[in-house]
Each structure stands twice: as structure tokens, then as C-alpha cells.
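Q: Protein chains in written order, with the working numbering: chain U, 1 to 663; chain L, 664 to 851.
In case anyone wonders, no lab produced these hints; they're calculated from the structure. Note that the structure is a prediction, hence the values are computed from the model and not measured. Among the clues, some could well be false.
Claimed, not checked - Once the Cα atoms are required to be at most 20 Å apart in a straight line, the calculated EDC-like pairs of lysine to aspartate or glutamate come out as:
1. L:715 - U:319
2. U:516 - L:843
3. L:793 - L:843
4. U:656 - L:843
Stated by the list, open to error - Okay, the calculated bits of chain U under chain L, using three or more residues with CB under 8 Å as the criterion:
5. 163 to 174
6. 579 to 585
The beta-carbon is built from N, C-alpha and C at its ideal position, and this holds for glycine as well.
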Amino acid sequence: MKNLTTRLLMISIVTVTFFSACKPKNLNNAVSGDAAAKAYVAPGKYDEYYNFLSGGFSGQMSVYGLPSGRLLRVIPVFSVDPEKGYGYSEETKPMLNTSHGMVPWDDLHHPELSQTNGEVDGRWIFGNANNTPRVARIDLKTFRTAEIIELPNSAGNHSSPFITENTEYVVAGTRFSVPGDNENGDVPINTYKKNFKGYISFISVGKEDGKMDIAFQLKCPGVNFDLSHAGKAKSHGWFFFSCYNTEQANTLLEVNASQRDKDFIMAVNWKKAEEYLKAGKGKKEIVKYAHNYYNEKSHTAISEMRHEVTILDTKELKDICYFIPCPKSPHGCDVDPTGEYIVGSGKLAALIPVFSFDKIQKAIADKAFEGEFDGIPVIKYDAALYGEVKKPGLGPLHTEFDGKGNAYTSFFVSSEVVKWNIKDLKVLDRVPTYYSVGHLCIPGGDSRKPSPKYMIAYNKITKDRYLPTGPELAQSAQLFDISGDKMQLILDFPTIGEPHYAQAIPAELIKNNSVKFFKIEENTNPYVSQGEGNTKVVRTGKKIDVYMTAIRSHFSPDNIEGVKLGDEVYFHVTNLEQDWDVPHGFAVKGAVNSELLIMPGETQTLKWVPDRVGMFPMYCTDFCSALHQEMQGYIRVSPAGSNVPLTFSTGTNLPKEEAAAKK
Amino acid sequence: MKKILILFSIGISILFTSCNSGNTETNSASAPSVEASTAGGQESVNDDESQKDVVKVAIGSKDHTTLVAALKQAELVTALSNAGPFTVFAPTNDAFNKVDKATLESLMKNENKEALQNILQYHVTLSSIKAENLHDGQVLGMVNGDNVIVTIKDGKIVLNNSATIIASVPASNGIIHVIDGVLLPPNK
């Protein structure tokens, strides 16, 4: 035995030596002996943080526990989810409605937690849809998408959904500049400079109910807006956006948008914009966009089309926008917890510029401008600059903060995270990531009050990190302990879709508010059955409404006859349970949409159009009880002209001889 | 009797609390604890919002203190707190009083736990059967493996010709039918 141990030890030493040669140099930082203990959360114990990850091209948001990396939930947001019936049930279909009609997929890049006084408050989390521009609000009492608003005049909603420090606004800057929605878009693409504009939406958020509304849009020069962050504390009232393609190229951006030495950070004085709005300087434009809202009492989404938006033209209305030169296609645009320092990360730059809010204010007062870009003043680089982090790494992307005076910046090209001090701009530590890191997350790391115990790096490429699964591999999150001077890798875990950006929050701020079930007596769904006694099947012409209930362990009704070919059947299933964690599912053979997954106290509706005569089983899909497999029923479908009467029952539709015996 | 039960339940809750203390707390120590949580079953889930399960309903009834004590002695609390669905025939304290006192006391002894379990499991069937779904001549397969025969007499539901359902109480994981007699499994 001892021999074996020795041999194994030797083998591992050899292995380590062998791999050291191939892996990045500071492997000694990468994993150390106490890593497992630091990330270990015993069975039955809770994690310390919730970590909300965007699903990128999955369109969803996933929730993990930290430090364990356990997947807690996937919240459907912008993509249909047949597992939950999201986007398939009649109640949730309207959530995905847009001015283009029902859009079943999108690309969610940035989760952003609501804040009060610049601190994460655990009420809501917002997410952006890149492709068909929208912003969603997720309620953290239910972990469900509560609202989605579409953005007119936008295309590629990437610079979104970043918020002001009391969640007054969620902003959404367009990636693609385009001709405005009510202008003629049928123009040559190479007239970009003349016809294309960049719009930034300021979405107001209801203080109590969180309801979103587009307060105004800023019409800005045609460039690509990439990322943004609100000012905080002293810089509250300002917003900062990174802009690239200030070359205004319309083709081969890979080359043509990298021509200039410097692009811009755009500083926006949104308090000034509010003044203009109040003074009636906004121009109302006719556009078309959807606003979808999920009513938690009726368990039903309503989609309404809106037709007007107020535009503030920043070329005409002075003192809203200023450009600050920023090297080489800035991507990340991050504001430190004090609100004084704005970090711009040019993804092709060899340095990280740090701008000073105070200096920007002085430069504006002194009119220290080097000129104008499309009618917007451009502040002199040196007049806004606090200093530069020299040679920090290759391809800086995103910066998060620990609230202790340090910044953590990800480097995509050199695949590493670099910790540096904001005051003296000195690099303090660097660690490799496996591989090709995008965003970073420190809990509260873009707020006034970070909780700097962990830092998570979200990687795009995993190659040999996990057991291979064919050509498509999971992307990953890598958890670092940052409580000491040096960053220490303690865990990595695979994620869903692309973990583009993520935010984390102490569990205390959310867990006690979590809803356990919906109160059945508060259910106002028009098709609710408040108890089995209220179940029924109603025919209205060719439409059949089945008012149905589910409870351990049967449906009521579970025998339905008299449905005819050509009918449209709506199963309105109410889960009568009033018990935590007892959903019921509902599936019927031949349904071309999905199952239903119905939470206790909730009503959900599945539309079903039988395509043939015969016997159609239905059953509960969520293992609910010892008699789950008994939770089933039949629907008999007869020919169109049949005179089989419409009947329904539970437990009483017995063979004649048995029925007689019982009497 | 009541006092003893109260003491007993305090004991139980202390027991559960101590077992479960980690369950509702986050892992905030700098080095996470390596101990696994040793919580009991679903009976120790911290939830005062959900509808009560069959055990909690029984615990809340002053007429079922003997039954509850017996369920605890027979270690059936965890099973009956799970998803079910259960139909529980719950003899009242008066029903238990009809049983010979010495027999009852003997059943509560540790060495007779199996016999007690057999009797109590004879009062539970899987599936949630409402009173209106019980009919004359129905045979119910009970959890202990024996059968109970249902008869309807003068509109009343009688089990094994010895216990009558006098009330029915829905619970989250099934239904409780309160009965006025204790059901005794057939001798083998």
C-alpha cells in the first residue's frame, strides 16, 4: 500500500512537472491544496452567494450557488423553454411578443441587479436581448421573468441593461447604428455616415412595482455602443458608454473599425437630459414596440403594442453628451465604487486608461475640447485622464472592483486576470484563466459596496478542461478566492450557453423573500378551477375549454369524451396543491407545442388540436408522488360529424357491470 | 398526558433544531464546514406557509395526542411527511382509550416497536381517497400489507365493521379520516 502511495505520488509529481511545461507559467497560483475545502459546501448547507449568469446565446439566465458552483435554476427569459412551458402555454406566449411577432429566441448578455443607494438590493435582476432589442426584468421573489420591453430605434442591444444607483433608469445603448424606425431605412448601406444614428434608451423603473417604461431616447452620432456603467456617489447623474467604430465603417469592421488610435467613452449627463425633457424639448416619434407584463395573480402575461417614444437629439441639445478619447475600440466601461474613476478597456490597446470624474467636470467647465465629433464636443484626452496602467496584458476587456482600492481586469487575448491598484495604477497580481476570459464578477463588483470574497472569471473556451463531449463543449466559470493579496483559483464549473456576464449577491438579500407557492384563493386566472367541484368542460362552437385540476395524484377530469376532429382544445390546468415544491406537469399525446409545468396555486393553459380520431392519453410529467405514474387520463377524439356527447368525469366512468355492482 | 406530550414535542423540536441548524444558514465561515447536514426528513423543513401535511394536521389536533405519540414512537413521522399521497385513518384518543391499557403501554415500549409499526401502518394507504370515493365492499390495501374492508351502514363509512369515519380533514400530502376505533391487523 505504502509502495503504491509512493508510486502515485511520484507519478503525480512527474505529471505536474510535465504539464507545467505546457501550461501558463504561474501554475503554482492555479490550484493549491486547500482549494477543495474553500469551495466545499456540505450537502444540505446553503451557499453564501447567488450567482446570476447570462446564458448568452441560450437566451436564458442561470443561477448558481457560490462557492459550490451548484446549478440552482435556469430562468427562461428570451427563449422558449418547453421544459417549463415558457413561451408555449397560452399564459406565457405574450411574454415573447415583439413588434415582429412572437420571437422564440434571443441572446442574453448582461444580468444587472437592482440597486438602492448604489448597493445591490435583491429585488430584481435585468437582462438584455441583443438580437431583437429588449430588456427583461426578473422578479427575485419568484425567479421568473416579470416584464419585457422592446426597444425601438435599436439594433443589437449590447450596451444594456446597466442601471443608475437607485434603479431610476435601466439604459440600453444600441450596438448597431441604424436609420430611425420612422425614417426611411431603405437606403444604401454605404450611406452610414449620413443616415445612421445611434440611440440610447433610458428606461424608467417603477420604485415599488419595478414596471418599465421608455422615459426617453438619446439620438447620438452613428457609432457602435458597446458597454456602459452609471456614475455613482459623486458621479451619480452621469452615465458612461464605450463607443467603437467611430470610423463609421459599414463593412469589414474587423479591419475598418480599428483604424483610429482612439475611439470614445461617451459621458452622458442624464440629469441634464431630464431637464430638457421637462422643458418639453423632446420630440415624439411614431414607432412600434411591445411591452409585455406577467401578472402574478392571474398567472397571465399581457402584451401591448406601444407607438410613441420621446427623442432628445444630442446634437441640438447641448451639454448632454461629451466624448472622451479612449484607445483602440473600448469594450468595458467600468466605474469604481467611489464614482471617481472610469476605466476604459480598449480591446486592442496595450494600456488601460483611467479617467477622473473630477477632471472630466473641470474639462467641461474649461471647455478643454479638442474639437467635435458629429456635433458632440470631444474632451482632450489628457484633460480627462487620471492615468494609465502600462503594459497590463493583452486585450483588456472588463473591470470589477473590490471596494478596497483594487481593480480586477480581464484580458481576452492573453487569457488572464490582472489585479491592479487604482490609486497608483500598479499591477499587483496576475492569474491565467482556462481559457479566453470575457467578463469577471465580484459580488456587488459594479456597485458602491462590493463584497470582495470571491472573483469569478467567465471563459469562452474550455477545450481540454473537462471530459470531451464532441465538438460542442460547455463554457465555464472559474472561481477565485480574492480574500488575500493573491488571487487563488479554487474551483471551475461548466455553465449553460455562454456565461457572458454575471452578477452575484449575498444570499441573505434574496433567500428569505423567496415565494414558496401561489395562494390558490388569490388566483384570478379567468380559467381557474378553485377546487375539483368547479372543474368542467365547455364547448363553444369548435373551441373546447377544459377547466381542470391537478392534485396528488389525479387530474380532474381524467376522462373526456365528445371531442371531435376539428376542435381546438384548451386545457386550463390549475394545480390545487398549497405545498412548497409540489409542481404538477401536464402532457397530452400529439401536442405540437410542449408540456405544462404548473406551480402550486397556478393555472396554465395548453392548446391542443387533435389531428386524428382515436384515444389520446394525458399524464403528469413532474414526479409528484408515490402514485405519480397513476396520474393520467384519456381524451377520446371522434370524427367531425360524430354525435358522441361531450362528457367528463373523474372516478365515475366505470364499465356498466362494475357500476351496477357498486349500487 | 398532555404535559408529557408537550415535553416530548419540545424534546423533538430541540432534536430537530440541533440536527438542522445548518440547513437555513448560509455557509459564511471562511473555511466551509466539511460536515454534512444530518437533518431528518421533510418533517424538519422550515416552512410555516404551506398547507399542513398529515403529520402536522395530527399534531395540531388535541384529539390525536395518543396517535401522534405512537407515530413518533414508531418512527413514522418522516415517511408521513413525505410526498405521499396518503389516506390516514386516525383513531381519536377516545378510540385508543377503548384499547386495553396494558396492551397500549406495552406497544409503546421499544422492544415492541415492530408491532406498533404494523398497527399504525395498517391505518395508512397510499393514494388520497376522499370519503365520497369510498364505497361499500371496497378493499383497501394498507401500507403494512393487510387489507381493510369498507362498508357503508346508514350512510356512514365503517372500516372492518369496527371503526366509523366521523370526520375528514384534507392535508397537503393526502387526507385524514378521523375514526372512532383502532383498526387491528388480522392475526397471522
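Q: Mind listing which of the numbered hints don't hold for this structure, in increasing order?
A: Violated: hints 1, 2, 4 and 5.
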